[in-house]
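Visitor: Taking our numbering, the leading residue of the sequence shown gets 1, the next gets one more, and so forth.
Keep in mind that the hints were calculated from the coordinates and are not lab data. Note that the structure is a prediction, hence the values are computed from the model and not measured. Where is the CB? At the ideal position from N, CA and C, for every residue including glycine. Among these hints, one or two may not hold up.
[Claimed, not checked] Restraint ranges, calculated between C-beta atoms of paired labels, are given here:
| # | residue 1 | residue 2 | range |
| --- | --- | --- | --- |
| 1 | Asp175 | Pro280 | 32 to 40 Å |
| 2 | Lys319 | Thr220 | 48 to 56 Å |
| 3 | Ser25 | Glu125 | 32 to 40 Å |
| 4 | Lys173 | Ser35 | 46 to 54 Å |
[Claimed, not checked] Cut-off 27 Å, straight-line C-alpha distance, at most; resulting in silico cross-link-like pairs (DSS-like, lysine-lysine):
| # | residue 1 | residue 2 |
| --- | --- | --- |
| 5 | Lys129 | Lys321 |
| 6 | Lys208 | Lys43 |
| 7 | Lys284 | Lys321 |
| 8 | Lys240 | Lys270 |
| 9 | Lys283 | Lys129 |
| 10 | Lys129 | Lys159 |
| 11 | Lys224 | Lys173 |
| 12 | Lys43 | Lys314 |
| 13 | Lys314 | Lys240 |
| 14 | Lys173 | Lys199 |
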Amino acid sequence: MRRAGVLVTAGVLVLASACGLTSGSPMVDDVTPGSIGRGLPLKGADLTVTSKEFTEQLILGAIMGIAFQAAGADVLDRTGIQGSIGSREAVKSGDADGMYEYTGTAWITYQGNSEPIADPREQWEAVRKADLRNGLTWLAPASLNNTYALAMNQANFEKYGTKTLSDVAALSKSDPGAVTLCVESEFANRADGLPGMEKAYGMRVPAKNITQMDTGIIYTQVKKGSCTYGEVFTTDGRIKSMNLVVMADDKKFFPNYNAAPAINSKALKKWPAIAEVLDPVTKKLDNTVARELNAKVDVDGQDPHQVALDWMKKEGFVKEK
């Protein structure tokens, strides 16, 4: 799973729905208002939702579309756009009306800033202000923060007891052989990855203690204990399913990648109720929820849209007819 905040795929805008239809397909969930959508404030609206192609994004795109349906809108599903740029450009151009995007992705990848803002709220406010002139309005953010972290298995946690990256840095000095890392090649070379983390925390990890590998392999190697710590994404469902322990970023080095609805400003002006429909849903989205939902897809093999619908019903946001 990728938050797609680092790699940018330039080129042709590809609109591929989760069902594989290039023009998108209607969402046909038979839902009525629960705690959101009462009075059908979006009745008469034709809204298009989009997302990137990885699991978390497919779930978030479905959540947005289901919320709009419950409020009375007819919804076109254009989730699953490949690459980092396509879905954002669809919302900017008005080909889509909304998506859940990540603050760090917008700030660094789209808006061209090199230094992240440590405070999550300030990061969101800066992104929101900058994107208003791009025809995008960011609604209130979730606490869901899909950023980098280091994680270890339970056996190594019991052995070494580290809970924060400062603890890992201290261990790297007191027992250099104890700190072995499994990381992606990208993370190993990025300023906001391993080199920056080592500098920020005064961590010294010899090159022989660092193994580069693909993302999926990292999780299995950490679970097996082949490396003490592995690079993970904080909302990945495998953290929960493999019972890994995530080290707290106590110096707040890693950028904030909080999810928030990014809505086409013209669509929001025409249908201002979009904000009141989405705000209660967004407030419920945190890392624990994201890990649980992502695991249902990536570990249990469930359909992302069904996972989103089940969660919306469970939380009481919508009801089925």
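Visitor: Flag every earlier hint the structure violates by its number, smallest first.
Guide: 1, 2, 5, 6, 8 and 10
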